[in-house]
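When we follow the working numbering, the leftmost residue of the sequence shown carries the number 6, and every step to the right adds one.
Any given hint could be a false lead.
[Unchecked claim] Cross-link-like lysine-lysine pairs, in silico, DSS-like; alpha carbons within 30 angstroms at most: (1) 123 to 151; (2) 151 to 163; (3) 151 to 140; (4) 163 to 140; (5) 49 to 12; (6) 163 to 145; (7) 195 to 123; (8) 59 to 49; (9) 195 to 140; (10) 59 to 45; (11) 123 to 45; (12) 45 to 12; (13) 59 to 12; (14) 151 to 195; (15) 195 to 163; (16) 145 to 123; (17) 195 to 59; (18) 123 to 163; (19) 140 to 123.
[What the hints assert, rightly or not] So the derived label-pair ranges between C-beta atoms look like this: (20) 90 to 57: 30 to 40 angstroms; (21) 171 to 112: 15 to 25 angstroms; (22) 18 to 156: 25 to 35 angstroms; (23) 157 to 195: 13 to 23 angstroms; (24) 197 to 41: 35 to 45 angstroms; (25) 15 to 113: 19 to 29 angstroms.
Simulated from the structure, these hints should not be mistaken for lab results. Note that the coordinates shown come from a computational prediction; the quantities given were computed from them, not determined experimentally. The C-beta atom is built at its ideal place from N, Cα and C for all residues, glycine as well.
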Amino acid sequence: MSANERKLAEFILNNASLLRDYSSQQLAEAVGVSQSSVVKFSQKLGYRGYPALKLAVSEELARGSAQVDLNQMQKPAGDHEAGTVFEELAQTKADVVRGIAELNGEEALLDVVRTIEKANRIQFVAAGGYSLVVKDFALKLMIMGKSVVAESDPFVQKANLASMRRGDVLFALSVSGQNSHVNELAEAAKEAGVTIVSLTKYDVNPLSLMSDYSLFTFDERSGPAAASSAPHIIARVALQHLIDALYLVLSSRNTHGRELVTLSQQAVEDI
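Between the sequences and the hints, there should be enough to build the whole structure, so can you do that?
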């Protein structure tokens, strides 16, 4: 590495937790190099640019903070002491909650909350088996008085989207970010001036790149304990926690007008 590249590497290693909030210009100023040096450094490491490097560092931090030893859970049931399975499952869920908090800052969450609050109409679309989570959230929003559509039929989704305009919101959920149907709807929404909120895994993917606001979750391979016997549980808990966090802020602001709620700490206490 050159002298500037070493300075960048040392800064990132020593301040990795701060990188999520740094733009390439801010990082350059903090290290004392040019913005182009930051871009070239990112590309030298194999990334398309600085945003991809920042995503990778943040994801690695989240994965590291959410690791948990599941060796006991992989033993036969007879080897467990009373209560061990439940205690370890609770710990795993708590680690997932912390990981989700690492991936999504409260300001990003509030941006989505404000977008939902201002929306004339909201349409939810989800890939895979996550439509039930989305429908539950949509029902809660309806109870709060929002105009919401959460149909699972692709033809109905397209028909609803055709009538949406600027001021409306498409909430698109595809953990991989590469579901062709969801991305096709997002492209149509973008052309119509509809605001897009995406929920994907923490990665550079087509859906998050198209969206105006992005939230991130774990998939079954990148989340805590992905190599264990519980990846499906981890992915479901991660997504549900993020949706619950959105609803918690929305309902709190709707009832009390408060601007900020400590989400992850409350969720850990509840678990």
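Consistency of the hints with the structure:
no., hint, result
1, 123 to 151, "holds (10 angstroms)"
2, 151 to 163, "holds (20 angstroms)"
3, 151 to 140, "holds (14 angstroms)"
4, 163 to 140, "holds (17 angstroms)"
5, 49 to 12, "holds (14 angstroms)"
6, 163 to 145, "holds (23 angstroms)"
7, 195 to 123, "holds (18 angstroms)"
8, 59 to 49, "holds (14 angstroms)"
9, 195 to 140, "holds (23 angstroms)"
10, 59 to 45, "holds (14 angstroms)"
11, 123 to 45, "violated (40 angstroms)"
12, 45 to 12, "holds (13 angstroms)"
13, 59 to 12, "holds (16 angstroms)"
14, 151 to 195, "holds (21 angstroms)"
15, 195 to 163, "holds (13 angstroms)"
16, 145 to 123, "holds (16 angstroms)"
17, 195 to 59, "holds (25 angstroms)"
18, 123 to 163, "holds (23 angstroms)"
19, 140 to 123, "holds (20 angstroms)"
20, 90 to 57: 30 to 40 angstroms, "holds (39 angstroms)"
21, 171 to 112: 15 to 25 angstroms, "holds (24 angstroms)"
22, 18 to 156: 25 to 35 angstroms, "violated (48 angstroms)"
23, 157 to 195: 13 to 23 angstroms, "holds (22 angstroms)"
24, 197 to 41: 35 to 45 angstroms, "holds (36 angstroms)"
25, 15 to 113: 19 to 29 angstroms, "holds (28 angstroms)"
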